[in-house]
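Construct all of the structure, not just a fragment, from the sequences and the given hints.
Chains as they are written, first to last, in full-length UniProt numbering: chain A, 1 to 416; chain B, 1 to 84; chain C, 1 to 981.
Rather than coming from a laboratory, the hints here were simulated on the basis of the structure.
Careful: at least some of the hints might be erroneous.
Claimed, not checked - Straight-line Cα separation of at most 27 Å, DSS-like style, residue types lysine-lysine; simulated pairs: (1) K65/A - K557/C; (2) K877/C - K56/B; (3) K210/C - K557/C; (4) K391/A - K877/C; (5) K132/A - K917/C.
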Amino acid sequence: MQRYSLFSLARNALSDHQNWQQAWRSPPLRDTYDVLVIGAGGHGLATAYYLAKNHGITNVAVLEKGWLGGGNVARNTVTIRSNYLRDESIPFFVKSVSLFEGLTKELNYNLMYSRRSMVDVVQTWGRLRELKRRMLNMDIHGSTYEQLDVEELRRRIPALTGGGPESRLPILGGMVHPDAAVCRHDAVAWGYARGADARGVELHQKTEVKALLRNVDGSIAGVETNRGTVRAGKVAVAVSGHTTSLTETVGLRLPLKSFNLAAFVSEPVKPLIDVIVNCPDIGVYLSQSDKGELVIGGAPDPGQSFRRDIKQNVFENAVSAMLELFPAFRRLKLMRQWGGALEIAHDGSPIVSRTDIPGLFVSAGWWGGFKAIPAGGYTLAHLVANNQPHKLIEAFSLDRFRHLDFVLESGTTTAR
Amino acid sequence: MLHIPCPFCGPRDESEFAHGGPARQQRPDDLSPLDDAAWVDHLTVPPNPVGPVREKWWHVRGCGQWVTIERDTLTHDILEETGE
Amino acid sequence: MSGGEFRLPSGGRIDRSRPLRFSFGGRQYQGYEGDTLASALLANGVRLTARSFKYHRPRGIMGAGYEEPSSFVELAGEDESGNQAITTVRLRDGLRASPVNCWPSPGLDLMAANQLFARMLPAAFYYKTFMWPDWHLFEPHIRRAAGLAAAPQAERRNTRYETRHWHCDVLVAGAGPAGLMAALVAARSGARVLLADEGLEAGGSLLGRKVTVDGRPALDWVAAATAELDGMDNVTRLRDATVWAYREGNLLLVTERSPDAPHVFQRTWRVRAGRVVIATGAIERAMVFADNDRPGMMLASAVQTYVNRYAVRPGRRAVIFTNNTGAYAAAADMLAAGIDIAAIVDSRLQVEDDARALVPGVEILAGHVVQRSHGGRRVTGVTVQPKAGGTPRRLRCDLVCMSGGWSPTVHLFSQSRGRLRYEESVAAFVPAEPAQPAACAGAAEGRFELAAALTDGAEKGRLAAAAMGFRAQAAAVPQTKDAPRYAIEPLWHVEQHKPTAKSFVDVQNDVTLNDIHLAMREGFGAVEHVKRYTTAGMGIDQGKTGNINIIGAIAGKEGVPLEEVGTTTFRSPYVPIEFGALAGARRESVVLPYRHTPMTAWHIEAGAVMYEAGARWRRPGYYPRAGESFQETVNREARTVRTGAAVYDGSPLGKFEIKGRDALRLIEMLYTNAFSSLKTGMGRYGLMLSDDGLVLDDGVTFKLGDGHYLMSTSTGNADEVNRHMTQFCQVERPEWDVHITPVTAAWSNATVCGPRAREVMEALGTDIDLSPDAFPFMAIREGTVAGMQARLCRVSFTGELSFEINVRSRDAAALWRRVLEVGAPFGLIPIGSEANHVLRVEKGFLSLGHEVDATVDPYDLGIGWAMSKKKPDYIGKRAVEIRRKRGGPRRELVGLLIDEPERLVTEGAPITPGGRKEASEGFVSACVWSVVHNRSVALALLKDGRARMGQKAHIRMKDEVVTALITRPCFHDPDGNFLRS
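Spelled out as structure tokens, the structure:
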């Protein structure tokens with residue numbers, strides 16, 4: 001792999017950048033591999049990388065129907081954090097954050113990983129109680145979350161001028177999660193792709209898997225693609241949003257629904273917000289990119305969807321809510337908006353699991369899956385290599401649904 | 001924002017409705033013939049097609065009725081109004 | 001000359017009688033009403049108006065409208081706003097503008113030092129460096145350098161945003177020639193038409209051109225057309241209003257920037273259109289060659305517009321570089337305005353005679369290209385060369401007009417998921433197949449000639465009206481003078497004369513042809529890869545003038561047709577829209593509506609601390625007296641309930657009347673326990689599960705008569721229970737005869753509680769026999785209380801004797817005051833939700849969101865008795881059975897007595913084995929100061945808790961472990977004698 005550095009940049013400048021190597025090869029598609037990873041999004045590429053790096057499994061092909069890194073890794077709001085509630089979830093995301101922190105150097109690719117911290121703006125006592133519970137649970141697992149009073153909160157977010165004592169939902173205080181970060185999302189995909197390629201993994205774009213194939217004994221045989229049949233003893237599915245379409249080709253039914261989650265950015269402006277701001281009581285969160293755009297997200301659209309647009313009513317709710325806390329943003333302009341199809345499992349927690357079909361593995365049900373990419377790939381690779389789940393994902397097995405034994409991360413009243 | 005044809009009120013903005021999930025098989029009067037796996041499947045595994053899906057919407061800020069529509073999940077076109 | 005030395009002596013659509021003073025970058029200038037900031041600056045000879053984003057190269061004005069990729073300004077004062085395209089800022093007196101992204105000024109930009117390192121900064125260089133020692137060292141500098149304008153800080157004064165809903169048969173986007181024709185034809189048929197145009201004046205491209213329609217100046221025809229439209233009742237015409245999003249269900253968003261209402265600043269229209277005619281015109285493309293970004297390099301159509309519409313000469317001597325016939329008319333207009341044309345450089349080998357005829361005497365260099373430009377802070381000349389190679393020749397000029405052909409403005413069409421195709425004859429992506437009821441018309445459809453656009457507009461208007469059931473007459477399409485047929489031979493870029501040349505494909509983000517090629521060389525070959533790797537097309541202009549050149553460059557390098565490369569996704573908004581315009585007038589309680597009880601005003605008056613208490617109810621938390629601490633207030637309130645009499649506002653509690661022959665059948669399905677034996681006039685505690693067998697709610701349901709029940713639910717869950725019930729009734733059992741009416745708001749209540757509650761009730765006066773025998777615990781009676789019609793219930797959430805007085809909501813405030821009045825001699829006080837919390841924890845009553853935390857079933861909560869064994873089915877029964885089959889320890893409800901009795905711990909604190917930092921085995925669900933025991937008491941969910949009574953639990957706080965004794969989850973009157981008294 002060609003090393004990237006200031007020196008290589010200077011050296012290549014002398015040859016007018018004509019001699020940069022391809023970030024990854026484009027090898028011919030063979031008909032058999034040890035492992036196929038379907039989906040060259042963040043999770044698929046990370047899985048391939050860790051299969052090669054941690055388990056020495058390099059006879060691997062990643063099959064991507066479109067362009068590499070074109071999944072939800074291309075259209076998320078780049079928030080990385082581990083402030084979860086449950087014992088099952090926190091250690092997984094702590095691991096993911098710690099992998100992320102070392103990734104730029106490990107991959108020799110600048111992900112522009114920026115540990116900005118995330119500040120939750122709390123506007124109801126019920127929320128504060130829930131977040132304090134979260135705080136103590138996180139502490140057990142080595143993740144940090146601290147309470148802020150209103151003055152400190154406003155000091156950290158000067159643009160937060162709304163939510164005064166007379167407002168509809170006065171700000172009661174805040175919580176800060178110092179480990180939270182943002183990074184350049186596309187770079188995560190490209191960095192993993194380059195790292196996987198350098199270790200021998202093949203990346204095949206414009207290779208659409210039409211169906212999964214099974215052997216007579218029921219185990220996985222390979223896949224049928226638009227470029228022909230490819231065989232492998234192990235197949236890992238990492239196609240957020242479209243998992244069920246794929247697994248249904250072998251009659252495997254999964255407890256997943258696909259939704260559209262939209263996000264939008266403002267025009268680029270000079271530094272305005274240094275932290276990731278999350279406002280759970282009004283359902284909106286935002287951060288500022290290095291380019292200066294405010295990146296804003298809200299709630300998923302109601303109803304299953306693959307349209308990747310934005311629902312106007314959901315969008316207006318998010319904007320109005322944001323303006324309650326940041327009234328000066330009324331004059332700021334919306335520049336671009338987009339959506340992405342993501343899956344929500346029946347209990348709201350991810351699925352990283354074996355299936356009833358020997359040799360077939362799925363990684364699905366990610367929402368907020370970007371932050372999970374390193375640990376998701378790390379643990380899925382472990383599962384594929386050993387046929388046994390890593391302890392971080394034991395709770396995320398499909399088996400839990402057999403007994404309706406849910407991991408209810410979101411919501412504290414009941415499953416939806 | 002969808003424009004949902006309520007059979008009682010006519011076409012209305014989606015913001016008047018609450019989403020009620022994909023339509024499922026009607027709950028049997030007697031669950032005893034079903035084995036556990038079948039019931040778990042009924043509870044947890046929804047249809048999730050890229051394309052037409054029958055789904056429920058509750059006209060909660062309107063007439064209060066639950067309505068069923070068939071909607072394409074890719075285009076959001078409402079294909080058929082199937083009434084209650 | 002007051003209008004500027006580059007102002008033409010006559011002509012233009014400016015009002016020379018109304019001079020306007022303005023400043024740009026601190027210097028004073030003058031323009032006229034009708035000018036844009038761009039036209040006024042050009043008239044004053046200002047050419048250097050911006051610095052580029054990455055290299056800080058000098059830049060000028062390139063376009064004349066929303067396509068402007070180059071110059072952006074910040075406005076100060078009343079207009080405060082950042083990142084406005086300079087071409088879209090309407091001039092007004094006193095306007096103060098300054099360029100973005102250069103300091104201290106575009107003339108002396110210190111960041112221009114970046115140009116020295118340009119060689120080191122190819123596309124995506126940042127992925128390859130800034131890694132050592134750490135990105136955090138570099139990021140603050142990068143952030144400060146990026147970001148263009150500063151965000152507006154002040155709220156605009158005396159202005160308001162507004163939102164309007166609209167329905168129409170036909171929405172026409174764009175009032176250029178095609179849009180006007182479409183609107184006329186559709187409107188004449190009687191269809192309800194909304195016509196929206198981004199300009200203040202209708203006419204679109206006609207405003208910038210000198211053409212005739214029906215033998216008269218085109219703008220006369222525009223005036224006649226708009227007059228006819230404005231005279232029709234079925235037509236609404238919006239000016240200065242951009243259609244910026246096309247969503248599902250034919251919902252389109254239009255924002256009016258200067259609505260015809262003085263108090264409204266901007267107005268957004270949510271339009272449901274039967275049919276949409278997209279007549280948004282086309283955008284001219286820049287040409288890609290070395291140093292194609294200097295001030296003085298402009299789109300040919302923009303120059304034409306400045307000349308004709310604003311009477312401004314953007315230069316004295318021009319070179320025109322084109323690959324199509326469209327630029328010749330622009331050249332003719334420039335000649336007429338007195339601009340010298342050094343040459344027309346046409347990359348096509350053959351130039352049509354009728355094109356040549358437009359520019360007699362001008363040198364036409366067919367088969368030539370502009371190889372590069374020369375100059376510093378403005379262009380001073382270009383080097384031209386035969387395309388096939390040959391001797392370069394230098395031409396002197398101060399203006400370069402580029403015409404790379406036209407791209408239909410298909411943004412809205414594409415947003416609606418309409419499919420595009422690449423059309424060779426116009427070398428552009430044009431609409432192929434609509435996905436929603438929409439059609440493009442005119443230039444947006446790829447019909448760039450005026451006559452064709454008018455005809456197409458008329459036809460699309462007719463079809464749209466017909467689809468909505470209106471019969472449109474065949475309209476006479478106005479006659480226009482023949483111009484050269486539009487012909488183009490694409491030239492996506494000029495071959496660079498040296499590898500380090502900078503040929504910009506995106507001037508805003510400083511992306512060059514080399515960057516595109518580098519991306520492809522490194523494997524980033526997909527169009528989305530190129531965009532993301534180089535950031536091409538990701539600026540404020542979203543690549544309106546340059547994206548097609550990028551696609552062309554990729555196709556050229558890969559040797560594939562453009563169609564195969566495809567476009568990047570067109571996203572809304574078409575132009576940047578202020579967030580305020582999206583929210584409209586929605587603020588505060590409109591965004592998050594309150595729920596009030598009739599007593600809310602009283603609570604506030606009485607000094608209660610009010611807060612959100614779930615389900616948007618705002619409730620009194622406690623009623624502090626002067627000098628009291630929070631804990632003192634809560635203790636006083638709770639103690640009063642245990643020892644005397646108190647009242648609280650229980651109105652938010654969810655209430656539903658359930659009626660019908662199948663009412664009992666429904667209740668039996670909803671609750672886990674049996675209700676068949678319940679007698680009229682009595683109530684029963686019931687537990688409700690979700691289908692998944694998780695606790696959804698609990699509450700008391702009273703039988704009012706046969707087939708008539710009154711159900712109460714918890715406050716926070718009333719909406720969810722309503723949904724749960726109506727869904728079951730309507731979806732699963734529509735044939736059942738049962739009807740559910742939410743009556744939460746119809747009945748309000750004051751709940752009198754405490755050992756002296758009965759005395760207070762007697763003092764209030766009632767015709768209901770209050771004796772325990774006649775009116776036992778869990779009974780309901782109807783009668784009058786304090787002279788008001790009431791439903792009186794003996795339920796208790798506090799563990800004490802308690803009367804819930806439900807009256808019609810209009811009587812509730814009077815009842816409340818009456819209770820306080822007659823209760824005073826008994827020491828009655830109002831209590832808030834904090835005291836209620838203490839009382840219920842002492843009693844071990846469950847609370848949703850505390851003990852009921854989505855993971856527990858009734859057995860865990862110690863109320864397994866409520867799971868009827870007799871009923872064959874109820875919602876959640878089977879799921880609980882399935883879950884319990886797995887066996888193993890579960891978290892169970894217990895009480896905790898902390899070893900230090902004075903200690904209160906954070907609710908939610910985890911309990912871990914031995915207090916070690918490892919996965920929790922439970923958590924403290926509630927912890928309060930008990931007024932009965934004068935110590936803290938707590939409830940918890942704990943693994944195998946019931947088997948561990950008498951043992952110790954270890955609560956894991958951040959820096960310490962708190963030990964507690966595990967007890968029964970009830971600390972007061974376990975046998976329930978008080979509440980039954």
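Going through the hints against the structure:
no. : hint            : verdict
1   : K65/A - K557/C  : 22 Å, holds
2   : K877/C - K56/B  : 24 Å, holds
3   : K210/C - K557/C : 39 Å, violated
4   : K391/A - K877/C : 32 Å, violated
5   : K132/A - K917/C : 17 Å, holds
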